[in-house]
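Number of protein chains: 2
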Amino acid sequence: MALTQVSSNKCAGGFQKVFEHDSTELKCKMKFAVYLPPKAETDKCPVMYWLSGLTCTEQNFITKAGSQLAAAEHGIIVVAPDTSPRMTTHTDLLSQTALPYRGCNIEGEDESWDFGTGASFFVDATQEPWSTNYRMYSYVTEELPRVINANFPTNPDRMSICGHSMGGHGALVCALKNPGKYKAVSAFAPICNPMQCPWGQKAFSGYLGPDRSTWEAYDATVLVASYSGPQLDIFIDQGRDDQFLSSSQLLPDNLIAICSEKKIPVIFRLQPGYDHSYYFICSFMNDHIKHHAKYLNA
Amino acid sequence: MALTQVSSNKCAGGFQKVFEHDSTELKCKMKFAVYLPPKAETDKCPVMYWLSGLTCTEQNFITKAGSQLAAAEHGIIVVAPDTSPRMTTHTDLLSQTALPYRGCNIEGEDESWDFGTGASFFVDATQEPWSTNYRMYSYVTEELPRVINANFPTNPDRMSICGHSMGGHGALVCALKNPGKYKAVSAFAPICNPMQCPWGQKAFSGYLGPDRSTWEAYDATVLVASYSGPQLDIFIDQGRDDQFLSSSQLLPDNLIAICSEKKIPVIFRLQPGYDHSYYFICSFMNDHIKHHAKYLNA
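As you go down the protein sequences, you meet chains A and P in turn.
Residues 4 to 301 in the working numbering are what the first sequence spells out, letter by letter.
Residues 4 to 301 in the working numbering are what the second sequence spells out, letter by letter.
Worth double-checking, as some hints may not be accurate.
Facing chain P, from chain A, some residues (calculated, C-beta under 10 Å) [to be verified]:
| id | residue |
| --- | --- |
| 1 | C14 |
| 2 | I65 |
| 3 | K67 |
| 4 | M198 |
| 5 | P201 |
| 6 | Q204 |
| 7 | S280 |
| 8 | Y281 |
| 9 | F283 |
| 10 | Y298 |
Keep in mind the hints are simulated off the structure, nothing from the lab.
Cβ coordinates follow ideal geometry from the N, Cα and C atoms, glycine included.
One chain only, chain A, in its complex shape (with noise of 0.2 Å):
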């Protein structure tokens, strides 16, 4: 459970930091970055967690969504971890220099930019030679959960998710695998059905293998139709010319027409002009942390 401190850096009145740790679930080194309000110097305070989309590291989120000036407004702490292990440096003490290692070193890992390194889509994967490491699913919702409540001062009953992307996948199944656990969940331009998309086939055929029916734990519309627990407010935000889309990646109408049938609430905002960008993603960040705050500061 020991934290590298990587970075710290005040910023909207609390500070940025990044950590490294050795994962039990992944069977190698992670990192994440976590915000820390002001109100943590003196407070517990809730947690939201952030899932970022396919390549990215803990860092795309925190250097360009412009997330701490509301959550140090509303007291939440804010955690990003890493999307997959992957290959990362650490520094040679002597040399001062950056040595590249394998977070596990998996054949074929680099191969696709949206298939291993970076395109975890936080399953917990079953076929080798995914099955060791890419267990992020549990890392997400288990042990990094520990981690942060370990370490830093949070209110454990009070945590939330959402993501972009593929994170925005991983945000949807995180809270709709477990009822009552997240108080809140919302998500930018979300994969909503990954069993449809090119995206999720491939994915989903690599680390859970051909056998579409083990797919479905994973599918935010197929968990939709079964969700039975305390009600979900999933607030979407989907820009209207995202490219993907128009390429059938996202799907949300999918998710969208199963939440109706089940009466499941849906805050969706399909946003004019808007792309798949973090320029979309920081437009609408306020508003995703203020949906947030309203649950997890109840």
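Chain A is already provided as a structure; the job is to place chain P on it using the hints.
The following block gives chain P in isolation, referenced to the frame of chain A:
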């Protein structure tokens, strides 16, 4: 004056765009970013110019500073040029691949991170081999505003300038050398007295030569001493834990002392705990844009 659009992303209700053009002043292709607030769809808007720090391109500010929401709110166009001529890329239209080409191909331009590429210091160089291309002072104060006013819905009488570190020095110098041209000036952790710091001495020696009297034209502290023009309300934020403050690269005390003597009002905020990074900048960006809006929209 023809502009080539490099990118366009909807952001905060407006558009964050990047353009490339052939600069006559710099005799090379240059990129700049421009944020167009929603108001620019129907009205002429004032323009805030942003000058970035050492090593930055036009990208750093637009991805990390969190400026767009406030610029949208106050109806301000924000222009962020690159910080020097530089090697850059163009897209081969046939193969759709990025090809490198030289901005101006000056021997030694890429040898230092604090001189040459990414480190123009916003002066008009007088020394070979820099004097042909490194004319960033004239580019920023003359050519770029002409290009912007000719291509975007600006109110050409309402411009202001802001910057960080080397770009904070640039912003102060541009405002002090052109009384009345800029309605407001502010800076994050500016290099305030470059003649007295290692960064400035290296840059000015290279671009302006050994005669230190020529350096005075680009030193904010010297320029304040002889300033006569409309009242300037200089606004500066400085992190107290900024490593470049403690290593005497920034020297704000020298500027403040002269301002006090000359009764030039300065709002100087020494922000405890903050460093030199964009985490510092994004923490106070809203305050700076509000300051500029007060004068630009008056």
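Structure-based check of each hint:
no.: 1; hint: C14; result: holds, 4 Å
no.: 2; hint: I65; result: holds, 8 Å
no.: 3; hint: K67; result: holds, 5 Å
no.: 4; hint: M198; result: violated, 30 Å
no.: 5; hint: P201; result: violated, 21 Å
no.: 6; hint: Q204; result: violated, 26 Å
no.: 7; hint: S280; result: holds, 5 Å
no.: 8; hint: Y281; result: holds, 7 Å
no.: 9; hint: F283; result: holds, 7 Å
no.: 10; hint: Y298; result: violated, 23 Å
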